[in-house]
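**Student:** Hey, can you work out the whole structure from these sequences and the hints?
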Amino acid sequence: MPSRTVTVGSASGLHARPAALFVAAAGAQPVPVTIRTGDKKPVPARSMLSVLSLGAKFGTEVTIEAEGDGADAALDELATLLARDLDEDSEPAASGG
Amino acid sequence: MGEALHGIGVSSGVAAGPVYRVAAPPRLPERVAVPADRVDVEIERGAMALAAVVADLNRRAGAADRPAVVEILRAQAMMADDPVLRDSVTELIRAGADAAHAIDRAFAAHREAFAAAGGYLAERVADLDDLRDRAVAFYLGQPMPGIPAPGRPFVLAARDLAPADTAVLDPTTVLALVTEEGGPTAHTAIVARTLGIPAVVRCPGVLRVAEGTTVAVDGGAGTLWVDPSQADLDALMARDAERQERLSRSAGPGRTADGHPVALLANIGSASDLSGPAGDAAEGVGLFRTELLYLDRATPPAVDEEVATYSAVFAAAAGRRIVVRTLDAGADKPVPYLNHDVEPNPALGVRGIRLGWRQPDLLQAQLAAISTAASRTAAEVWVMAPMIATAAEAARFRDYCREAGLVKAGVMVEIPAAALRAESILSEVDFISIGTNDLSQYTFAADRQCGALADLLDPWQPALLELVAACAEAGKAAGKPVGVCGEAAADPALAVVLVGLGITSLSMAPRAIPAVREAVAAHALPDSQRLAAAVRGAADAIEARALARRHGAFHDPAR
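So the sequences go chain by chain: D and X. Numbering follows the working numbering, in which position 69 of the first sequence is assigned residue number 69; successive positions increment by one, without gaps. Numbering follows the working numbering, in which position 216 of the second sequence is assigned residue number 1216; successive positions increment by one, without gaps.
Hints in this document: simulated from the structure, not taken from any laboratory. What you are looking at is a predicted structure, and each value in this text was computed from that prediction instead of being measured. Every residue gets a Cβ at the ideal spot worked out from N, C-alpha and C, and that includes glycine. Where hints are given, some of them may not hold.
Said to hold, decoys possible - Straight-line alpha carbon distances no greater than 20 Å define the calculated EDC-like cross-link-like pairs of lysine to aspartate or glutamate that follow:
hint: 1; chain 1: D; residue 1: 57; chain 2: X; residue 2: 1430
hint: 2; chain 1: X; residue 1: 1480; chain 2: X; residue 2: 1430
hint: 3; chain 1: D; residue 1: 40; chain 2: D; residue 2: 65
hint: 4; chain 1: X; residue 1: 1476; chain 2: X; residue 2: 1258
hint: 5; chain 1: D; residue 1: 41; chain 2: X; residue 2: 1087
hint: 6; chain 1: X; residue 1: 1476; chain 2: X; residue 2: 1399
hint: 7; chain 1: D; residue 1: 40; chain 2: X; residue 2: 1112
hint: 8; chain 1: X; residue 1: 1480; chain 2: X; residue 2: 1399
hint: 9; chain 1: X; residue 1: 1476; chain 2: X; residue 2: 1430
hint: 10; chain 1: D; residue 1: 41; chain 2: X; residue 2: 1112
hint: 11; chain 1: D; residue 1: 41; chain 2: D; residue 2: 65
hint: 12; chain 1: X; residue 1: 1408; chain 2: X; residue 2: 1430
hint: 13; chain 1: D; residue 1: 57; chain 2: X; residue 2: 1123
hint: 14; chain 1: D; residue 1: 57; chain 2: X; residue 2: 1087
hint: 15; chain 1: X; residue 1: 1476; chain 2: X; residue 2: 1527
hint: 16; chain 1: D; residue 1: 40; chain 2: D; residue 2: 67
hint: 17; chain 1: X; residue 1: 1480; chain 2: X; residue 2: 1283
hint: 18; chain 1: X; residue 1: 1476; chain 2: X; residue 2: 1466
Claimed, not checked - FRET-style restraints, in silico, Cβ to Cβ:
hint: 19; chain 1: X; residue 1: 1449; chain 2: D; residue 2: 31; range: 41 to 49 Å
hint: 20; chain 1: D; residue 1: 5; chain 2: X; residue 2: 1118; range: 19 to 27 Å
hint: 21; chain 1: D; residue 1: 60; chain 2: X; residue 2: 1291; range: 24 to 32 Å
hint: 22; chain 1: X; residue 1: 1115; chain 2: D; residue 2: 60; range: 18 to 26 Å
hint: 23; chain 1: X; residue 1: 1094; chain 2: D; residue 2: 31; range: 23 to 31 Å
hint: 24; chain 1: X; residue 1: 1275; chain 2: D; residue 2: 68; range: 51 to 59 Å
hint: 25; chain 1: X; residue 1: 1253; chain 2: D; residue 2: 60; range: 54 to 62 Å
hint: 26; chain 1: D; residue 1: 68; chain 2: X; residue 2: 1450; range: 46 to 54 Å
hint: 27; chain 1: X; residue 1: 1211; chain 2: D; residue 2: 5; range: 54 to 62 Å
**Tutor:** And the structure:
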């Protein structure tokens, strides 16, 4: 199954703002995507509660997996998002709102 | 006038309107066996309850204007809209549960995971409980728990208000706050004073008043009238208008009746807090909280940004005195890049200046930025450190300030140890400022967030005033200023007591200044001193208030 392993790049971890952005992006993909830390059970990436429960911090390695048409493109997009510091990125949006 | 209920007035002003309660969370009903042919309907009802919560949160997010609030509400909506949660509710109903119990159990599974993770996630457990309560309430046809939205301005009644409730309070629709529990330093009081709406706490019976009944609230006297006549209402409003008018005319520096100066200063978090007539009324800033610059971000602010922020605030202070408190993070104000360890007891942990000792580069950078901004302004900049416990710590902080080129260095007194050793602390620094809220918490071993302990946290507690007196006496001996910058300073009658104890400045929310100015000006210093001595001898806070009332400290010239 296609997969990507990335290091969480958001300074506050996969919490709050970064988690919300990631879950929304995962929900927009044409294929179901799962996410896991280490050898733990994969959870659906479009589930906010499951993603939060991973407790992934800055620097935690996470693995995302998907199957089917468009899986690779979906994983590439989500891997890029995970590696970015989403706290930083969203600051201008927050202060402009 | 109709039936009157009495509590403690914590934010002055008069307002009248229909009363609505913060709905209590629903109780789970008895389990109901769902007949086989009704399972699909029950699944549909469970899904509808979750969808209603999502729609309600998104509607509130759409109506909110503060970005931080919008973000909180949207994140909560995403949690309630979770496909995994929905699926487990469905499965539980198929396995025989009714929707209310299915919702409860589906949330419970995530609740457990959150609680086990600790830290940030453990703090989100309350959010999950709130979402569960909302969904169950919808399913049962009960009002959603939380702040009501009757569609017209109203008086909000509650057992007590949590920070989560007040984050979304809209001062244009909430006319006044009345709580059955809580205390003068609890969250409700602070929020009401900041929003400038009347508030009464510890008002028994308010939750028995039928929803929609017109009530009048006097947040100064601490009275609530149920269903007053129009004539009574008019008289009350006229008296309040007169009071407002009188206070708006009050101006100038704080003085006792016999002319002793008492500086009346503002507590602020940003330059905007000093804008308008309320800000103009202040003789200066007694507490500039610098946390805003550090919270809600992933890395410390850059030097330029820090200097720019301080410069803007100093410019707003326009030549007046401004006391800057260095970063007071930790406990209820975590900052991600400060490497907080998980602490079993954060209020007693590494917070305030203790984080500065651990990361001196951050403290030094802040002091340098303050110094740079100070050199470019006409404002008189003083600096103080939070959570100082010993004279050695005070000396160390003073050395950092001097290295940065800052002339006036002081410390906050929030820890009883510091109050007891005020004299040796004052031999190291130029001034002290008493944070009565934390000093209460640490003196009485009573968590500020704990509504059930509000009695102990009452700023009229004689033991607290004893520590304030020790600081004031040390200040007098050293010839150095001793201020109060906690909620106690905003209570006009208590302000008179503080002046009598020897406090030289009072710092509060800018809106509270006119009423405090009036109260201070109504008493000559020897009167205040007699009152202070009497109050120190009181057995408890209730007796202390009663004594002050007898001494005329609650005197309102309009009555």
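**Student:** Work down the list of hints and note, for each, if the structure agrees.
**Tutor:** Going down the list of hints, with the structure as the test:
1. For the suggested pair residue 57 of chain D and residue 1430 of chain X, the alpha carbons sit about 43 Å apart, so the restraint of at most 20 Å is broken.
2. The hinted pair formed by residue 1480 of chain X and residue 1430 of chain X meets the criterion: a straight-line CA distance of about 6 Å does not exceed 20 Å.
3. For the given pair, residue 40 of chain D sits about 13 Å from residue 65 of chain D by alpha-carbon distance, which is consistent with the 20 Å threshold.
4. Between residue 1476 of chain X and residue 1258 of chain X the alpha-carbon distance is near 19 Å, which keeps this suggested pair within the 20 Å criterion.
5. Under the criterion of a C-alpha separation no larger than 20 Å, the hint pairing residue 41 of chain D with residue 1087 of chain X is consistent with the structure, at around 18 Å.
6. The suggested pairing of residue 1476 of chain X with residue 1399 of chain X is violated, with an alpha-carbon distance near 24 Å, which exceeds 20 Å.
7. At most 20 Å may separate the alpha-carbon atoms for a hinted pair to count; residue 40 of chain D and residue 1112 of chain X meet this at roughly 17 Å.
8. A threshold of 20 Å between alpha carbons decides the hint, and for residue 1480 of chain X with residue 1399 of chain X the separation of about 18 Å falls inside it, so the pair holds.
9. Of the supplied pair hints, the one linking residue 1476 of chain X and residue 1430 of chain X holds, its CA atoms being roughly 12 Å apart against a limit of 20 Å.
10. A distance of roughly 17 Å separates the Cα atoms of residue 41 of chain D and residue 1112 of chain X; the hinted pair therefore holds under the 20 Å criterion.
11. For the hint pairing residue 41 of chain D with residue 65 of chain D, the CA-to-CA distance comes to about 12 Å; that is within 20 Å, so the pair holds.
12. Proposed proximity of residue 1408 of chain X and residue 1430 of chain X is supported: the alpha carbons are some 6 Å apart, at most 20 Å.
13. Annotation: proposed proximity of residue 57 of chain D to residue 1123 of chain X holds, straight-line Cα distance about 16 Å (limit 20 Å).
14. Simply put, residue 57 of chain D and residue 1087 of chain X have alpha-carbon atoms about 27 Å apart, too far for the 20 Å limit, and the pair is violated.
15. With a CA separation close to 18 Å, the supplied pair residue 1476 of chain X and residue 1527 of chain X stays within the 20 Å bound.
16. Among the hinted pairs, residue 40 of chain D with residue 67 of chain D is consistent with the structure: their alpha-carbon atoms are about 19 Å apart, no more than 20 Å.
17. Proximity of residue 1480 of chain X to residue 1283 of chain X is assessed by CA-CA distance (about 18 Å); at most 20 Å being required, the pair is judged to hold.
18. Of the pairs offered as hints, the one joining residue 1476 of chain X and residue 1466 of chain X holds, with about 15 Å between alpha carbons and a cut-off of 20 Å not exceeded.
19. Distance hint check: the CB atoms of residue 1449 of chain X and residue 31 of chain D are about 45 Å apart, consistent with the given range 41 to 49 Å.
20. Restraint check, residue 5 of chain D to residue 1118 of chain X: a C-beta distance of roughly 25 Å satisfies the suggested window 19 to 27 Å.
21. The hinted range of 24 to 32 Å is satisfied by residue 60 of chain D and residue 1291 of chain X, whose Cβ atoms lie roughly 28 Å apart.
22. Remark: the range hint 18 to 26 Å for residue 1115 of chain X to residue 60 of chain D is upheld by a beta-carbon distance near 20 Å.
23. Checked against the given bound of 23 to 31 Å, the beta carbons of residue 1094 of chain X and residue 31 of chain D, roughly 27 Å apart, stay inside it.
24. Taken as a hint, the range 51 to 59 Å holds for the pair residue 1275 of chain X and residue 68 of chain D, whose Cβ atoms sit roughly 57 Å apart.
25. For residue 1253 of chain X paired with residue 60 of chain D, a C-beta distance near 56 Å keeps the hint of 54 to 62 Å intact.
26. In this structure the hint that residue 68 of chain D and residue 1450 of chain X lie 46 to 54 Å apart at CB holds, the actual value being about 52 Å.
27. Remark: the range hint 54 to 62 Å for residue 1211 of chain X to residue 5 of chain D is upheld by a beta-carbon distance near 56 Å.
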